[in-house]
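Participant: Quick mapping for you: the protein sequence lines, in order, are chains A and B.
Quick note, this note's numbering runs 1470 ahead of the 1-based positions in the first sequence.
Quick note, this note's numbering runs 104 ahead of the 1-based positions in the second sequence.
It is possible that part of the hints are untrue.
With a Cα cut of at most 27 Å, we get these calculated DSS-like pairs of lysine-lysine [stated by the list, open to error]:
#1 B/Lys157 to A/Lys1614
#2 A/Lys1606 to B/Lys155
#3 B/Lys157 to A/Lys1593
#4 A/Lys1599 to A/Lys1553
#5 A/Lys1593 to B/Lys109
#6 B/Lys157 to A/Lys1553
#7 A/Lys1531 to B/Lys177
#8 B/Lys157 to A/Lys1606
#9 B/Lys139 to A/Lys1606
#10 B/Lys139 to B/Lys109
#11 A/Lys1617 to B/Lys155
#12 B/Lys109 to A/Lys1531
#13 A/Lys1599 to B/Lys157
#14 B/Lys155 to A/Lys1593
#15 A/Lys1593 to B/Lys139
#16 B/Lys155 to B/Lys139
#17 B/Lys157 to B/Lys127
#18 A/Lys1531 to B/Lys157
Estimated spans, in silico, between C-beta atoms of each pair [claimed, not checked]:
#19 A/Asp1506 to B/Asp167: 35 to 41 Å
#20 B/Gln137 to A/Glu1610: 24 to 30 Å
#21 A/Asp1510 to B/Asp161: 40 to 46 Å
#22 A/Arg1570 to B/Arg166: 34 to 40 Å
#23 B/Leu146 to A/Thr1596: 47 to 53 Å
#24 B/Ser150 to A/His1569: 47 to 53 Å
#25 A/Asp1557 to B/Asn147: 39 to 45 Å
#26 B/Glu126 to A/His1480: 40 to 46 Å
#27 A/Glu1610 to B/Glu124: 26 to 32 Å
#28 B/Ala131 to A/Met1471: 37 to 43 Å
#29 B/Lys109 to A/His1569: 41 to 47 Å
No lab work stands behind these hints, which were simulated from the structure alone.
Just so you know, even glycine gets a beta-carbon here, dropped at the ideal spot from N, CA and C.
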Amino acid sequence: MISVQEADFHVQALYESLCVADKTGAVAMFVGRVRDFSDDPAQSSFMLEHYPGMTEHNLAKIVEQARQRWTLLDVKVVHRVGKLSVDDQIVFVGVSSAHRAEAFAACDYIMDYLKSRAAFWKKEITPEKEEWVEAKASDEDSLKRWK
Amino acid sequence: MASLKIVFFASLRESMQCEELEKSFDAPLTVRQLKEQLASELNQPSLLTEKVKAAIDFDFARDEDLIDISTVKEVAFFPPVTGG
Chain A
1471 MISVQEADFH VQALYESLCV ADKTGAVAMF VGRVRDFSDD PAQSSFMLEH YPGMTEHNLA
1531 KIVEQARQRW TLLDVKVVHR VGKLSVDDQI VFVGVSSAHR AEAFAACDYI MDYLKSRAAF
1591 WKKEITPEKE EWVEAKASDE DSLKRWK
Chain B
105 MASLKIVFFA SLRESMQCEE LEKSFDAPLT VRQLKEQLAS ELNQPSLLTE KVKAAIDFDF
165 ARDEDLIDIS TVKEVAFFPP VTGG
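The shape of chain A in the complex, shown without the other chains (with noise of 0.2 Å):
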C-alpha cells in the first residue's frame, strides 16, 4: 500500500495490517517526524509540496525493487503532504517478512530512495521568512550502499 495525504496517520493501525497470520516474524518501521528548525517552534511549519502521480509511480517502483531484492511479506509506504507542524509525523515506512535481516534492510532501503527518488518538497515557514529546503548531498551518497 502506498498513500500520499494530507491526514495523519496511526503507527499501531499501520503495523497491525502489515502483520500476516502465521507468517510474520518480523515487522521494520520508520516514522519521520518534523523537528524544530527555527527559534520559534511554535511558529514553525513546513509545506509539504508533491507531484501527483510521479510520486506514487516512483514509490511503487521503489518498493518494487526492494521486493525483489528481499523476500518480504507486505509494505506500506506513508507520506504526508501541505503543512505540517514541528513534531507531526511526516513519513512510515513498514515492511513485514519471515526474518529480521530483510525486514530492516528493506526499510532501511525504501526510505534511502524515497529521500532522493520521490517527488516531495519541504518549504520551511517561519514568521520571517519562507525558504524551501535544500537536498542533501548525503541522501545521494547514501544510495551508494545498496549498488
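For this one, chain A is given, so just place chain B on it according to the hints.
Facilitator: Frame of chain A; chain B shown alone:
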C-alpha cells in the same frame, strides 16, 4: 504536430511564476533542447542550471533523453527532491 504539457514544481515554479504550459512540437527533441527552448522563450536562464531535474511521463529523465512527442504526454522540471 503533437501537444506536450510542461509542468514546474517547488522553487522552480515560484521563480518562473509558471505552474504549467502547453506547447506543440513537430519533431522529437531532447530534454536539454526543451530546456534551452523554454529558457529562451520565457527568458528563464535558471532552467539551464545543473540543479534543475526533469521527468518524462513521471520517470526521471536526463538531459540527453529524447522526448518522443508522439507518445509523451507530460514533461516536468523541478529542483532536487527533499521528501522524507
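Participant: Take the hints in turn and mark each one as holding or not.
Facilitator: Going through the hints against the structure:
| no. | hint | in the structure |
| --- | --- | --- |
| 1 | B/Lys157 to A/Lys1614 | 20 Å, holds |
| 2 | A/Lys1606 to B/Lys155 | 12 Å, holds |
| 3 | B/Lys157 to A/Lys1593 | 18 Å, holds |
| 4 | A/Lys1599 to A/Lys1553 | 15 Å, holds |
| 5 | A/Lys1593 to B/Lys109 | 25 Å, holds |
| 6 | B/Lys157 to A/Lys1553 | 24 Å, holds |
| 7 | A/Lys1531 to B/Lys177 | 20 Å, holds |
| 8 | B/Lys157 to A/Lys1606 | 15 Å, holds |
| 9 | B/Lys139 to A/Lys1606 | 24 Å, holds |
| 10 | B/Lys139 to B/Lys109 | 14 Å, holds |
| 11 | A/Lys1617 to B/Lys155 | 23 Å, holds |
| 12 | B/Lys109 to A/Lys1531 | 23 Å, holds |
| 13 | A/Lys1599 to B/Lys157 | 25 Å, holds |
| 14 | B/Lys155 to A/Lys1593 | 17 Å, holds |
| 15 | A/Lys1593 to B/Lys139 | 25 Å, holds |
| 16 | B/Lys155 to B/Lys139 | 12 Å, holds |
| 17 | B/Lys157 to B/Lys127 | 19 Å, holds |
| 18 | A/Lys1531 to B/Lys157 | 19 Å, holds |
| 19 | A/Asp1506 to B/Asp167: 35 to 41 Å | 38 Å, holds |
| 20 | B/Gln137 to A/Glu1610: 24 to 30 Å | 26 Å, holds |
| 21 | A/Asp1510 to B/Asp161: 40 to 46 Å | 42 Å, holds |
| 22 | A/Arg1570 to B/Arg166: 34 to 40 Å | 38 Å, holds |
| 23 | B/Leu146 to A/Thr1596: 47 to 53 Å | 31 Å, violated |
| 24 | B/Ser150 to A/His1569: 47 to 53 Å | 49 Å, holds |
| 25 | A/Asp1557 to B/Asn147: 39 to 45 Å | 43 Å, holds |
| 26 | B/Glu126 to A/His1480: 40 to 46 Å | 41 Å, holds |
| 27 | A/Glu1610 to B/Glu124: 26 to 32 Å | 27 Å, holds |
| 28 | B/Ala131 to A/Met1471: 37 to 43 Å | 42 Å, holds |
| 29 | B/Lys109 to A/His1569: 41 to 47 Å | 46 Å, holds |
In summary, the structure is inconsistent with hint 23 from the numbered list given earlier, while agreeing with all the others.
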